[in-house]
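> The lines below spell out each chain.
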Amino acid sequence: MKPQVTLQIQNLNKQFRVNGAVTPVLENINLTVKRGEFISVIGPSGCGKTTLLRLIIGIENSYQGDILLDGKRITGPGLERGVVFQEHRLLPWLTVERNVGLGLEGKRSGNGNREQIVREHLELVGLTGYEKAYPGQLSGGMAQRAAIARALVNRPEILLLDEPLGALDALTRMYMQKELEKIWRREAGVTMIMITHDVEEAVYLSDKVVIMSSRPGTIKKIIPVDLARPRDRAAGDFMKLKEDILEEFNLHAEKVFSYAI
Amino acid sequence: MKAEHVMHKARGLVVPILLLALWWVIAWNRWVSPLFLPSPEKVVATFLSLLGEGKIVANLGESLSKVVKGFLIGITAGFVLGLLMGLSRTAEKLLGPLFNAVRQVPILAWIPVLILVFGLTELAKLIFIALGALYPMTLNTFDGCRQLKREYLELARVFEYSRLRLLWRFTLPSALPSILAGLRVSLSEAWLLVIGAEIFFKTRGGLGDMMWEAKGKVRMDVVFITIIIIGLIGFLLNQTMTLLEKRLLRWRGTN
Numbered sequence: 001m002k003p004q005v006t007l008q009i010q011n012l013n014k015q016f017r018v019n020g021a022v023t024p025v026l027e028n029i030n031l032t033v034k035r036g037e038f039i040s041v042i043g044p045s046g047c048g049k050t051t052l053l054r055l056i057i058g059i060e061n062s063y064q065g066d067i068l069l070d071g072k073r074i075t076g077p078g079l080e081r082g083v084v085f086q087e088h089r090l091l092p093w094l095t096v097e098r099n100v101g102l103g104l105e106g107k108r109s110g111n112g113n114r115e116q117i118v119r120e121h122l123e124l125v126g127l128t129g130y131e132k133a134y135p136g137q138l139s140g141g142m143a144q145r146a147a148i149a150r151a152l153v154n155r156p157e158i159l160l161l162d163e164p165l166g167a168l169d170a171l172t173r174m175y176m177q178k179e180l181e182k183i184w185r186r187e188a189g190v191t192m193i194m195i196t197h198d199v200e201e202a203v204y205l206s207d208k209v210v211i212m213s214s215r216p217g218t219i220k221k222i223i224p225v226d227l228a229r230p231r232d233r234a235a236g237d238f239m240k241l242k243e244d245i246l247e248e249f250n251l252h253a254e255k256v257f258s259y260a261i
Numbered sequence: 001m002k003a004e005h006v007m008h009k010a011r012g013l014v015v016p017i018l019l020l021a022l023w024w025v026i027a028w029n030r031w032v033s034p035l036f037l038p039s040p041e042k043v044v045a046t047f048l049s050l051l052g053e054g055k056i057v058a059n060l061g062e063s064l065s066k067v068v069k070g071f072l073i074g075i076t077a078g079f080v081l082g083l084l085m086g087l088s089r090t091a092e093k094l095l096g097p098l099f100n101a102v103r104q105v106p107i108l109a110w111i112p113v114l115i116l117v118f119g120l121t122e123l124a125k126l127i128f129i130a131l132g133a134l135y136p137m138t139l140n141t142f143d144g145c146r147q148l149k150r151e152y153l154e155l156a157r158v159f160e161y162s163r164l165r166l167l168w169r170f171t172l173p174s175a176l177p178s179i180l181a182g183l184r185v186s187l188s189e190a191w192l193l194v195i196g197a198e199i200f201f202k203t204r205g206g207l208g209d210m211m212w213e214a215k216g217k218v219r220m221d222v223v224f225i226t227i228i229i230i231g232l233i234g235f236l237l238n239q240t241m242t243l244l245e246k247r248l249l250r251w252r253g254t255n
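Protein chains in written order, with the numbering used here: chain A, 1 to 261; chain B, 1 to 255.
Next up, chain A with everything else stripped away, as it sits in the complex (with noise of 0.2 Å):
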């Protein structure tokens, strides 16, 4: 039985050095992550969400305190993490199931059927009958399941989301919404950590949300998501969560008080 605990981040703190200045990005940042939660990381541009999850993926160096993946301190990449960038990063000259393939030409990938493993994990993703495709002939949508399928060919045991769906169109991005849900849940087990600045898909998706401010980046508030999936976007109690988390944001919509007479 593997620990119930994937990802632990302590006291976590990160500057930036811009012309000599030391401007803090993150501040003292405390996360738990469970094995097979869905955690959204939500904050307004410059809050340091991005730098939080590249220092996850472990592209980003130096910081003080600890991000700890099984209780072991990242201090670079690995394939026990897999990425989604916010653009798919396919290369154009490769066709899909190439792309796809990519992920397992590492140094520890895997020995196993790779041909097998791209067709299992295109069809989790829908793309079965684009193998031969090239990401110039996918839509926005299409490309970005290759790069989930990318991500997850090596079975990490965390998915790292930079705000996957943030260029896609309005409907589209709903209906990846609802893929991605089915995905984390076919790929029982698998954690995934996404960046978005979308609350709606925040509540949709999430196990938890985690608010940040910023400023330097802190974790202002952790919201946990207790409805039952999958989620109803119109039902009351998912409304009420949506309003709370961008009452956070001073964003909800003003309570207007009625006067009967």
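These are computed hints drawn from the structure, not numbers from a lab. Mixed in with the good hints there might be a few duds.
To be verified - Cβ-to-Cβ under 8 Å is the rule here; a few derived chain B residues that face chain A: (1) 23; (2) 41; (3) 148; (4) 154; (5) 157; (6) 158; (7) 159; (8) 169; (9) 251.
Unchecked claim - Derived PhoX-like pairs: lysine-lysine, alpha-carbon spacing no greater than 25 Å straight-line: (10) A:221 - A:240; (11) B:217 - B:55; (12) A:208 - A:240; (13) A:132 - B:246; (14) A:107 - B:149; (15) B:215 - B:202.
Stated by the list, open to error - Chain A is nowhere near these chain B residues, computed Cβ spacing over 10 Å in every case: (16) 3; (17) 9; (18) 22; (19) 35; (20) 65; (21) 105; (22) 162; (23) 176; (24) 196; (25) 199; (26) 205; (27) 227; (28) 229; (29) 234.
Just so it is clear, CB atoms sit at the ideal spot from N, CA and C, and this is done for glycine as well.
Using the hints provided, position chain B relative to the given structure of chain A.
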């Protein structure tokens, strides 16, 4: 659609045909001495007789073999040099300034050096041609390697790629359009220099030699023939490169 396509292609032939007609009219009316402007019929007749003697094929073969050898040597060296400087900042710092200084020397200025060191040898000619192919190849390979996007570099780190895998999967394919452009320039440069080499290194054989010899004998018709062949071959070499580019960069049409 098809007819339109043919029409589109045929448009490139309009000006050459007009020039040909003009040439014919001028020669027919003898507005210019036939010594300087032989008639098209005369040129065709000479061409056929030279072809019959086997001179054209022999000289063309000689020039083509030199261009292929020189080109291959030049692009190989250029690719290695460009890759080295493109991948390693240290190599760039060590070799870059020297390369950029040497590059400023016109290739023609190397002729005396090459002749004094290697004599009027095949090797001297090959080095001369290779040098012309080397510069564009080096520059384009270097530029191409530096075009690797930071986003892809991050991806390679996330996948834990080895340096070799990074090079093979990301750097070289990113650089390919630039490298192919380099190949194209190198090839046309090599073709230009092959004619120069045959003239300046004064050895037997090749289109350049054939032309130079005809000049000595005031055979303008032969000079014309060599010029036309040189132009046509250059054009064909360029077309070949275009086909190669289209084939290797097919994915571009999908965007």
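> Compare the structure with the hints numbered earlier in the document and write down the numbers of the violated ones, lowest to highest.
Numbers 1, 2, 3, 22, 23, in rising order.
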